[in-house]
Amino acid sequence: MRNTSRKERLSNVTGIYEFIIGLFIIIGSLLSLIATIGAIRLPDVYTRNHAIAKATTLGVMMILLGALIYFMVFESHFNSRLLLAILFIFMTAPISGHLIGRAAYHSGVKMAESSVTDDLGRDLQKKEKSKSRNL
Amino acid sequence: MKTNNVILETATRILLFIILVFAIDIFFAGHYYPGGGFIGGLIFAGALVLLLITYDIKTVAKFLPFNYLVVIAVGLLFAVGTGIGGLLFGKAFLTHWFTYVDFPILGKLSLHTAVLFDIGVVLVVIGTAMAIIQTIGESD
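Chains as they are written, first to last, in our numbering: chain Z, 1 to 135; chain U, 1001 to 1140.
Chain U with its partners taken away, still in its complex shape:
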C-alpha cells in the first residue's frame, strides 16, 4: 500500500530553505567564527539527503541534474587553481591575498582568495557525500 507522505513533504519544503541558508551562513562565517567549507558542505549535503528521504532518487535526480563526480572534479580544480594563482605572481604555491573593496550597498568588504579555496572544499565535500549516498541507494 502506498502511504500518504503529505506531512513530511510539506515540512521538507519549508525546512530545506532553512537548512540551505544555514549551510551558506556557516560557510561564509568560516573566516571569523566557527564553521567553514567542511561543515558547510556537510550541512548542504544533509539538506539534499533530506530531499532524498522525502522523495525518491529519480525525482531528486530530475530537479538536481548533477553528476556528483564532476562536482568533485570542479572542487579540486578550484583548490589547485588558487594554489597556481600564487605561482603566477612569483610567490610560493598556495600564497593567498586579501583586499578591501567598497561595495555600493554592502559597504566595506574584505575579499580573500582563501574563500575560493573554501569553495573547492565545499564542492568536494558535497560531491563525495552525495556520490557515496546515491551509489549505496541505487544498488539493489
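Okay, chain Z solo, but in the shape it has when bound:
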C-alpha cells in the first residue's frame, strides 16, 4: 500500500464515492418504479395513495441525496437547496397524501371489495349518534 502513489489512492476513494452515489440513485429510481407499478396494480384509491405517497417520497429523497453527495465530493460544492428540498419533500408529500385520501373518503369513494374494516366510518357513525342523543 505504501508504494501506491497519491493519485491512485485518490482514485480508489472516488471509486467508493461513485459506488455510494450510484447506489442511492439506483435505489431511488427503483423505488419510484415500484410506486408506479403499485399505482397501476392496486385496486382502489386508498391503496394506490399508500403506495405512491410512501415509495416516491423515499425514492425522490434518495435521488436528491445522491445528487447532494455527488456535487459535494466531485465539485466540492455543498448545495444547501438540495438539503432543503429533501426536508421539504419529507414534510409535504405525506401531508398531500393524507389530504387526497381524506378528500376521497369524504366524497364517498368506495373501498376495494376485499377490504374488511372501516374504522373511520365506524367513528363517524358513533359521533353522529352521540350528537343526535344530546339534542
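Wrong hints could be hidden among the right ones.
[Claimed, not checked] If you anchor each label on the Cβ, the simulated ranges turn out as follows:
1. Lys131/Z / Val1074/U: 49 to 55 angstroms
2. Phe1098/U / Ala39/Z: 49 to 55 angstroms
3. Val1006/U / Ser130/Z: 19 to 25 angstroms
4. Phe19/Z / Phe1017/U: 36 to 42 angstroms
5. Leu1069/U / Ile95/Z: 29 to 35 angstroms
6. Gly1046/U / Lys54/Z: 23 to 29 angstroms
7. Pro94/Z / Thr1059/U: 21 to 27 angstroms
8. Thr1003/U / Gly22/Z: 43 to 49 angstroms
Simulated from the structure, these hints should not be mistaken for laboratory data. The beta carbon of each residue, even a glycine, is placed where N, CA and C say it ideally should be.
Using the hints provided, position chain U relative to the given structure of chain Z.
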C-alpha cells in the same frame, strides 16, 4: 360538517417560513445565479396562497392587511424612481450604478441600484398574483 384541519395547519406554520426564506434567497441571488425578482415574487405569492388554502380569506386579510393594488402601485413607483435616478445625475433614463461598501459584520458588499428595480418587480408580481387570486376567491 366542519372538518378538522390540524395536520394542514401545523404543516403550514412550519412550511411557510421555509418558502418565504427560499423566496428571499432566490430574490437576492438573482444577480449572480438563476433567480431574481419575477420568480422570487411568484414564490412569495405562492406562500401566501398556501395560507389562503389553509385558512379562509378573512383570516388572511386580518393579519396581512394589504391592499394589493397599492402594492402594485408602489412597485411601479420603485421601477420608475430608479429610472429617474439616472436622469437626475445627467445620464440616460434607467442608468444604474454600483459601489462596494464595507459593512462591520457582513464584510465587502457590492450594492447595486438594479436591486431597487428588482424590488419593484417583486412588489408588482406579488400584488398582481394576489389581486387576481383574491378577486376570483371572493366572487360567489
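Hints and how they fare:
1. Lys131/Z / Val1074/U: 49 to 55 angstroms: holds, 50 angstroms
2. Phe1098/U / Ala39/Z: 49 to 55 angstroms: holds, 52 angstroms
3. Val1006/U / Ser130/Z: 19 to 25 angstroms: With Cβ atoms ~21 angstroms apart, the hint holds.
4. Phe19/Z / Phe1017/U: 36 to 42 angstroms: holds, 37 angstroms
5. Leu1069/U / Ile95/Z: 29 to 35 angstroms: holds, 33 angstroms
6. Gly1046/U / Lys54/Z: 23 to 29 angstroms: holds, 26 angstroms
7. Pro94/Z / Thr1059/U: 21 to 27 angstroms: Once the Cβ atoms are compared, 25 angstroms apart, the range 21 to 27 angstroms for Thr1059/U and Pro94/Z holds.
8. Thr1003/U / Gly22/Z: 43 to 49 angstroms: holds, 45 angstroms
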